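Just so you know, the protein sequences line up as chains Y and P, in that order.
Residue 10 in numbering that gives the first Met the number 0 sits at position 11 of the first sequence, with consecutive numbering throughout.
Residue 86 in numbering that gives the first Met the number 0 sits at position 87 of the second sequence, with consecutive numbering throughout.
Since the hints were made in silico from the structure, they are not lab data.
Errors might be hidden in some of the hints.
Stated by the list, open to error - Mimicking DMTMM-like on lysine to aspartate or glutamate, the simulated pairs with C-alpha atoms at most 25 angstroms apart in a straight line are:
#, chain 1, residue 1, chain 2, residue 2
1, P, Lys120, Y, Glu111
2, P, Lys123, Y, Asp127
3, P, Lys89, Y, Glu102
4, Y, Lys132, P, Glu45
5, P, Lys101, Y, Asp68
6, Y, Lys38, P, Glu59
7, P, Lys123, Y, Asp68
8, Y, Lys155, Y, Glu113
9, P, Lys101, Y, Glu154
10, P, Lys120, Y, Asp79
11, Y, Lys4, P, Glu44
12, Y, Lys144, Y, Glu111
13, Y, Lys155, Y, Glu103
14, P, Lys85, P, Glu45
15, P, Lys101, Y, Glu86
16, P, Lys66, Y, Asp79
17, Y, Lys155, P, Glu44
18, P, Lys123, Y, Glu111
19, P, Lys120, Y, Glu51
20, P, Lys122, Y, Glu111
21, P, Lys101, Y, Glu103
22, Y, Lys38, P, Glu13
23, Y, Lys155, P, Glu96
24, P, Lys101, Y, Asp8
25, P, Lys104, P, Glu118
26, Y, Lys132, P, Glu44
27, Y, Lys155, P, Asp76
28, Y, Lys115, Y, Glu51
29, Y, Lys125, P, Asp76
30, P, Lys89, Y, Glu103
To be verified - Covered stretches of chain P (chain Y as the covering partner; in silico rule of three or more C-beta atoms under 8 angstroms from a C-beta of chain Y):
#, stretch
31, 19 to 27
32, 37 to 48
33, 51 to 59
34, 79 to 87
35, 101 to 113
Treat the numbers as computed from the prediction; the structure is a model and nothing was measured.
Glycine included, C-beta positions come from ideal geometry on N, C-alpha and C.
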Amino acid sequence: MLTKKGQFDIARKTIYWMIAGVMITLIVLAFAFIFGGYKSKLTYVPGEIRAEYIALRFANNEECFAWQDVSGIVHAGIIDISKFTDEQMNTSCYFTNLNQGYEEFNFGVTLENEKKSIRTNNYYHKDDYTLFKEVLIRDENGLIKKDRLIIYVQEKI
Amino acid sequence: MNSKGSSILMMIFEILIVLLTVYLITSIAYAYGSSTMAAKVNAAEEIRMMVDTLVGVPGEAVVEYSKNVSQFSLLLDNAGIAVFEKGQAKNLWIIREFNLPKGYKAEGSAENETRVCLEKKVKKIILRPC
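Generate the whole structure from the sequences, applying the supplied hints.
Spelled out as structure tokens, the structure:
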């Protein structure tokens, strides 16, 4: 038979462990959460870096806007103004999924001096940041001029 | 049950709780500390950026991925890069997608290779052991 002191001890410890149980659960969860956050930080890649790499193609790839001469040589950094169209962008250069493409990188690209703008198929002017590239443009007459490519980057909607 | 019996039972219960807590915290720390997940994610992200860079480079090029990927299998196709461990369920694969320009193709694989290379040949990007 338990004495009154014994009964009190058991009741006290039960209450103690009920509170301690909640606290221990919270500590374990917090521990897991902190580690999860740490792991995310370890694998985080800033969007600007990826956008820079993707944007390299605009001025350097012949399927985008880089000028390719009659012998087939691609002139990196020289934009063929006749190629600088939405159609070229969306059929050859960079195309995102019609339904889910807004979750990917999309671009609005402007030639500053030419005042000509094109965009990818899921670009909705929700700019996250802007990239700038000094380029040369080759017009229809074969003249080469200096210009600046302004690349508006929409990471995700 | 007498007072002594119940206090022994309580003590056993307390020891069990302490051991369980220590086990849980240690296992969480071990799982994160020994996890290859971060290494897989980093490899997939970096290879995707290498593909994007190769697309933006005129002409042909070969780039060696600087990290040891002998723990993993790599699979490159037109849609993206997959990094996984041999025999791992597909839902645990780390997949990173990319967009290639028209006419471009990406292909190749490497299984438990120390060094892998990405090669751009005309309009094809090939993943292969170096």
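Cross-check of the supplied hints:
Taking the CA atoms of Lys120 of chain P and Glu111 of chain Y, the gap is about 33 angstroms. The hint is violated against a cut of 25 angstroms. A threshold of 25 angstroms between alpha carbons decides the hint, and for Lys123 of chain P with Asp127 of chain Y the separation of about 31 angstroms lies outside it, so the pair is violated. Taking the CA atoms of Lys89 of chain P and Glu102 of chain Y, the gap is about 23 angstroms. The hint holds against a cut of 25 angstroms. With a C-alpha separation of about 23 angstroms, the suggested pair Lys132 of chain Y and Glu45 of chain P falls inside the 25 angstroms cut-off, and the hint holds.
Of the supplied pair hints, the one linking Lys101 of chain P and Asp68 of chain Y holds, its CA atoms being roughly 19 angstroms apart against a limit of 25 angstroms. Taking the CA atoms of Lys38 of chain Y and Glu59 of chain P, the gap is about 36 angstroms. The hint is violated against a cut of 25 angstroms. For the given pair, Lys123 of chain P sits about 21 angstroms from Asp68 of chain Y by alpha-carbon distance, which is consistent with the 25 angstroms threshold. For the given pair, Lys155 of chain Y sits about 28 angstroms from Glu113 of chain Y by alpha-carbon distance, which is inconsistent with the 25 angstroms threshold.
In summary, the hint linking Lys101 of chain P to Glu154 of chain Y is supported, as the alpha carbons are separated by about 22 angstroms, within the 25 angstroms threshold. For a cut-off of 25 angstroms, the pair hint linking Lys120 of chain P to Asp79 of chain Y stands: about 23 angstroms separates their Cα positions. Restraint check: the Cα-Cα separation between Lys4 of chain Y and Glu44 of chain P comes to about 64 angstroms, which exceeds 25 angstroms; the hinted pair is violated. Using a Cα cut-off of 25 angstroms, the hinted pair Lys144 of chain Y and Glu111 of chain Y holds, with the two alpha carbons roughly 12 angstroms apart.
About 6 angstroms separates the Cα atoms of Lys155 of chain Y and Glu103 of chain Y, which keeps this hinted pair within 25 angstroms; it holds. Between Lys85 of chain P and Glu45 of chain P the alpha-carbon distance is near 20 angstroms, which keeps this suggested pair within the 25 angstroms criterion. About 12 angstroms separates the Cα atoms of Lys101 of chain P and Glu86 of chain Y, which keeps this hinted pair within 25 angstroms; it holds. This hinted pair does not check out: Lys66 of chain P and Asp79 of chain Y have alpha carbons roughly 38 angstroms apart, beyond 25 angstroms.
Proposed proximity of Lys155 of chain Y and Glu44 of chain P is supported: the alpha carbons are some 17 angstroms apart, at most 25 angstroms. The hinted pair formed by Lys123 of chain P and Glu111 of chain Y fails the criterion: a straight-line CA distance of about 33 angstroms is larger than 25 angstroms. The hinted pair formed by Lys120 of chain P and Glu51 of chain Y meets the criterion: a straight-line CA distance of about 22 angstroms does not exceed 25 angstroms. With a CA separation close to 30 angstroms, the supplied pair Lys122 of chain P and Glu111 of chain Y exceeds the 25 angstroms bound.
Under the criterion of a C-alpha separation no larger than 25 angstroms, the hint pairing Lys101 of chain P with Glu103 of chain Y is consistent with the structure, at around 18 angstroms. A distance of roughly 33 angstroms separates the Cα atoms of Lys38 of chain Y and Glu13 of chain P; the hinted pair therefore is violated under the 25 angstroms criterion. Proposed proximity of Lys155 of chain Y and Glu96 of chain P is supported: the alpha carbons are some 14 angstroms apart, at most 25 angstroms. Of the pairs offered as hints, the one joining Lys101 of chain P and Asp8 of chain Y is violated, with about 77 angstroms between alpha carbons and a cut-off of 25 angstroms exceeded.
Between Lys104 of chain P and Glu118 of chain P, the direct Cα distance comes to roughly 12 angstroms. Compliance with the 25 angstroms bound is thereby established for this hinted pair. A threshold of 25 angstroms between alpha carbons decides the hint, and for Lys132 of chain Y with Glu44 of chain P the separation of about 24 angstroms falls inside it, so the pair holds. Restraint check for Lys155 of chain Y and Asp76 of chain P: satisfied, since their Cα atoms lie roughly 24 angstroms apart, inside the 25 angstroms limit. Among the hinted pairs, Lys115 of chain Y with Glu51 of chain Y is consistent with the structure: their alpha-carbon atoms are about 21 angstroms apart, no more than 25 angstroms.
Proposed proximity of Lys125 of chain Y and Asp76 of chain P is contradicted: the alpha carbons are some 30 angstroms apart, above 25 angstroms. About 23 angstroms separates the Cα atoms of Lys89 of chain P and Glu103 of chain Y, which keeps this hinted pair within 25 angstroms; it holds. With 4 residues having a Cβ less than 8 angstroms from any Cβ of chain Y, the stretch 19 to 27 of chain P passes the three-residue criterion, so the hint holds. Beta-carbon proximity to chain Y at under 8 angstroms applies to 6 residues in the stretch 37 to 48 of chain P; the threshold of 3 is reached and the given coverage holds.
Check on the stretch 51 to 59 of chain P: 7 of its residues sit with their Cβ under 8 angstroms from a Cβ of chain Y, so the three-residue criterion for coverage holds. Here's how the stretch 79 to 87 of chain P fares: 0 of its residues keep a CB closer than 8 angstroms to some CB of chain Y, so the rule of at least three is not met and the hint is violated. Counting residues of the stretch 101 to 113 of chain P whose CB falls under 8 angstroms from any CB of chain Y gives 3; the rule of at least 3 is met.
Hints 1, 2, 6, 8, 11, 16, 18, 20, 22, 24, 29, 34, counting from the list given before, are not met by this structure.
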